[in-house]
Amino acid sequence: MMTITAVRNWLGAFFLGTTAALGAYIILFQETRALPVDTKDATSAFQIIIPTLIAQLTIAFRWISDPPPDSDAPIAIPRWAVTGPPIAVGLILVCTLTLLIVDGGRSLNGGSIFKNSVTFCVSLLSASTAFIVSRVFGNARKGASAGPKSDGSKPTATPDVNS
Amino acid sequence: MSRICRLFILCSFAVAVFAQTSDPPKAALPTEQSTKAAEVSAGDLSAVEKFLLNGIVSDFKKAAAKTGHDFDDQRPPKAAAVCIAWPHGNDDSKPALLYWGDEWTDSDKDTPQSIHQEAFHQCDLAKKEGEETSEWTKLGIRNLCECQFLLEDSTPVLAVPEEATRIIATKLSQEKVPTLCSNWFGGNDFVVDPFGSSNRGENDWRLCEGYTEEAVKGIKFTVDDLALFKEKEAKNIYPPAPVVRATDIKALRITDPSWGSLISGYLVLHPPTGYSSFGPRYVASSFELPSGWGYHIGMHRVPQSAIQSVRDKISPFEHSKLLPVERQDGESATATVTLTQQDSSQSTAPPDRLAMYIRTYDLTDPEVAKEVDFPAFPENRINVVYGERSLKLWAECFIPVDDNGVPVGQPLRLVIPLALESTTSMYLFTVQVVYTGRQGSGRGGTIAGFEGKVFDLSGCANAAACFAEVRRAFIAELTADFGLPPLSAIPVRKNMPPYQARFQRVFDESNVLKGLSGPYYELTTYTITLWPGPSGDFTGSNEGYMNGEKGNGRPADQVFLQISQDLQIAVGRKGDYNEPSPQQYAVYQQAVDAVVKRAIAHTASELGGTTEGGVGIVKSASAPKR
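The listed protein sequences correspond, in order, to chains A and B. Taking the numbering used here, the leading residue of the first sequence gets 1, the next gets one more, and so forth. Taking the numbering used here, the leading residue of the second sequence gets 1, the next gets one more, and so forth.
Keep in mind that the hints are not guaranteed to be accurate.
Unchecked claim - List time: in silico BS3-like cross-link candidates among lysine-lysine, alpha-carbon distance up to 27 Å:
{"#": "1", "chain 1": "B", "residue 1": "250", "chain 2": "B", "residue 2": "50"}
{"#": "2", "chain 1": "B", "residue 1": "250", "chain 2": "B", "residue 2": "78"}
{"#": "3", "chain 1": "B", "residue 1": "313", "chain 2": "A", "residue 2": "115"}
{"#": "4", "chain 1": "B", "residue 1": "597", "chain 2": "B", "residue 2": "514"}
{"#": "5", "chain 1": "B", "residue 1": "176", "chain 2": "B", "residue 2": "220"}
{"#": "6", "chain 1": "A", "residue 1": "115", "chain 2": "B", "residue 2": "235"}
{"#": "7", "chain 1": "A", "residue 1": "115", "chain 2": "B", "residue 2": "392"}
{"#": "8", "chain 1": "B", "residue 1": "235", "chain 2": "B", "residue 2": "392"}
{"#": "9", "chain 1": "B", "residue 1": "232", "chain 2": "B", "residue 2": "250"}
{"#": "10", "chain 1": "B", "residue 1": "514", "chain 2": "A", "residue 2": "40"}
{"#": "11", "chain 1": "B", "residue 1": "230", "chain 2": "B", "residue 2": "176"}
{"#": "12", "chain 1": "A", "residue 1": "40", "chain 2": "B", "residue 2": "78"}
{"#": "13", "chain 1": "A", "residue 1": "40", "chain 2": "B", "residue 2": "597"}
{"#": "14", "chain 1": "A", "residue 1": "40", "chain 2": "B", "residue 2": "66"}
{"#": "15", "chain 1": "B", "residue 1": "370", "chain 2": "B", "residue 2": "66"}
{"#": "16", "chain 1": "A", "residue 1": "40", "chain 2": "B", "residue 2": "128"}
{"#": "17", "chain 1": "A", "residue 1": "115", "chain 2": "B", "residue 2": "232"}
{"#": "18", "chain 1": "B", "residue 1": "217", "chain 2": "B", "residue 2": "313"}
{"#": "19", "chain 1": "B", "residue 1": "313", "chain 2": "B", "residue 2": "62"}
{"#": "20", "chain 1": "B", "residue 1": "176", "chain 2": "B", "residue 2": "370"}
{"#": "21", "chain 1": "B", "residue 1": "62", "chain 2": "A", "residue 2": "40"}
{"#": "22", "chain 1": "B", "residue 1": "313", "chain 2": "A", "residue 2": "40"}
{"#": "23", "chain 1": "B", "residue 1": "574", "chain 2": "A", "residue 2": "115"}
{"#": "24", "chain 1": "B", "residue 1": "230", "chain 2": "A", "residue 2": "115"}
{"#": "25", "chain 1": "B", "residue 1": "370", "chain 2": "A", "residue 2": "40"}
{"#": "26", "chain 1": "B", "residue 1": "235", "chain 2": "B", "residue 2": "574"}
{"#": "27", "chain 1": "B", "residue 1": "321", "chain 2": "A", "residue 2": "115"}
{"#": "28", "chain 1": "B", "residue 1": "176", "chain 2": "B", "residue 2": "128"}
By construction, these hints were calculated from the structure, which means they are not laboratory data.
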């Protein structure tokens, strides 16, 4: 069992790292030997995976930017369910890129493989980690900044249903 | 107070725009039924009058803009007078603005009358000056026109002559487009299906007004060729559409090998019959018809209810792959899969063939619209006065390919139109074979890269012997140099026409584009032609010399070279082979130029000659022994 804080840290770091690294990689290295797929296929892959990752990142950072009081209670989700899909996705992407770089466009249809690979990763995350993200990051304090602040006092925290 | 007066001649442009002519077919066509009576209604006349007036105001705005005056609603000229050449008699060309005078500002001293008079005076001055200096006047040709007021108090007041209105209205009304039967759409197999979908028997014709059984039997809807792309496995090669924009033609240096000048961007909407392909190699296609027969391209309006259905079916093919070509003597012969044969008088080489693919043209781009035109387009019909404009044209393009289906030349400049989308309608095209009583037309200029003179043999006692020796040595040198990096192309071992050699690099990594980007793989064919010709002007063309022409009569002691390159590239061997960017073309151009220069220098050196300004000077046919 992982604690809820550990799950949040793990997933937050995964989505931030993956989004930044993969997005930058596609943008910078498309149509080069580091990503031997043409611009059209690279853009397609970018458009497939980045919105999904950005959506998860948004959910995480919405929570992180304004977290409710929280206790570090264990969460009833097995560790493999939390870490498995991101690790699998990371491995798939690394394997795909390694394969494409090693092949160098000599025998594989890189564009097709890369697009299929990222589509599969998006499906995998949507079917697994997306649910965990919505649970562990789903209770950000609502309306915290919308209340009157004329007396300068801090707004009252909303009770956390998970704690 | 500023007074501007300029002369402006738009005659030739206006005539070119409106001088579209077409030979009316002699067979009964669906379109012909409505073209017999070009009656003009009073409403149409009124609309045409307004259209002409707006056109002249628009021409005046463009002319004024060239003199630094932005004519808009906030700042119109106070008065303007124009001298217009109106259509009259048998002349049905568009009204042309020849001269004008205008007055933009007024002072306290000016009266409305003085402003008007000044504009009129400036127009008269411009006319007088223009007529005195005009080249036409020197030739004794005068454009008769009188200055008239176009704007008074910033309001259009020009009276369009009734005769001019009627001539233009009649001309625009001649070309009518029939509307297809609404129950011909929605089938699975064909975009347009005049038959019943279940049983294609004689009794299943679904006819409607304007479409008799006899007429429909003779026509083929070109858009139904889309089925071929579904049925056959196409290669992932994406040749470019024939270039039409003058700027692109200039950037890519697409030249007419007959003259070495840049080609015209005009695209002919016609099946590729008897078309001399790119370079000196004659290519004819199976669209060739017996003498006296020709093609009639018809345009038909799609009913509003079927537009979406047609759009859905045609949209996936906007950028199709290259359809594989079947051999002429092969198992299946399809009407639209074209096979080419070489002019047998020139060589016994196996024929190149034509492969087809579909591309679109954006007709909202004025530069493209200028080069892609058809008599039945909305711009040439009465619809233009009601605001209908062409938006997009789908066309079947053709490119010569070798036995392996690899493109070996530039796309033909003859394309078969499939569909046209306008601001208000959608149109489909038909092809019909008709008897014209003369040989079918459709010949056009050829396209290829042009390199110019490479050897000067004027010092040779026997120029013919020198040429034979130079050709042997130069081709051997080119074969060696083309085989080396960066081009790394191998000679094509098949019989080629006289003076011609071909090199290819197919599905291999491009050394030319090697760098941080890529890895690029290429499909490249270089066709090299070498021929002797005379010095001076009017040296003639390689085609001409192969056909026995003698150029300007001087001895053929110069050697000319032409290199035609067809190139598609992909990222990765199995990627999509598309047209390279102009920058990538330029890199190839530099590499080829370097190889050619090196080969010239080596050949000249081998034959004991020298090189001056990129031209090898050879004075003897015998190579010095080294």
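Outcome of the hint check:
1. B:250 x B:50: 38 Å, violated
2. B:250 x B:78: With Cα atoms ~42 Å apart, residue 250 (chain B) and residue 78 (chain B) exceed 27 Å; violated.
3. B:313 x A:115: 26 Å, holds
4. B:597 x B:514: 22 Å, holds
5. B:176 x B:220: Status holds; Cα separation ~19 Å.
6. A:115 x B:235: Judged against 27 Å, a Cα distance of about 20 Å means the pair holds.
7. A:115 x B:392: Between residue 115 (chain A) and residue 392 (chain B) the Cα gap is close to 30 Å, so the pair fails against 27 Å, i.e. violated.
8. B:235 x B:392: Distance ~25 Å between residue 235 (chain B) and residue 392 (chain B) Cα, so the pair holds.
9. B:232 x B:250: Violated - the C-alpha atoms of residue 250 (chain B) and residue 232 (chain B) are around 36 Å apart, more than 27 Å.
10. B:514 x A:40: Given that 27 Å is the threshold and the Cα spacing comes to 20 Å, the pair holds.
11. B:230 x B:176: 33 Å, violated
12. A:40 x B:78: 54 Å, violated
13. A:40 x B:597: 37 Å, violated
14. A:40 x B:66: 41 Å, violated
15. B:370 x B:66: Holds, at about 21 Å.
16. A:40 x B:128: It is violated: about 59 Å lies between the C-alpha atoms, which goes past 27 Å.
17. A:115 x B:232: The hint holds at about 25 Å.
18. B:217 x B:313: Distance of about 23 Å is within 27 Å: holds.
19. B:313 x B:62: At roughly 41 Å apart (the allowed maximum being 27 Å), residue 62 (chain B) and residue 313 (chain B) break the hint.
20. B:176 x B:370: 21 Å, holds
21. B:62 x A:40: 40 Å, violated
22. B:313 x A:40: Holds. Residue 313 (chain B) to residue 40 (chain A) sits at ~23 Å (cutoff 27 Å).
23. B:574 x A:115: 14 Å, holds
24. B:230 x A:115: 24 Å, holds
25. B:370 x A:40: 30 Å, violated
26. B:235 x B:574: Within the cut-off at roughly 10 Å; holds.
27. B:321 x A:115: Roughly 20 Å between the alpha carbons, so the hint for residue 321 (chain B) and residue 115 (chain A) holds.
28. B:176 x B:128: Status violated; Cα separation ~42 Å.
The structure fails to meet hints 1, 2, 7, 9, 11, 12, 13, 14, 16, 19, 21, 25, 28 from the earlier list, while all remaining hints are met.
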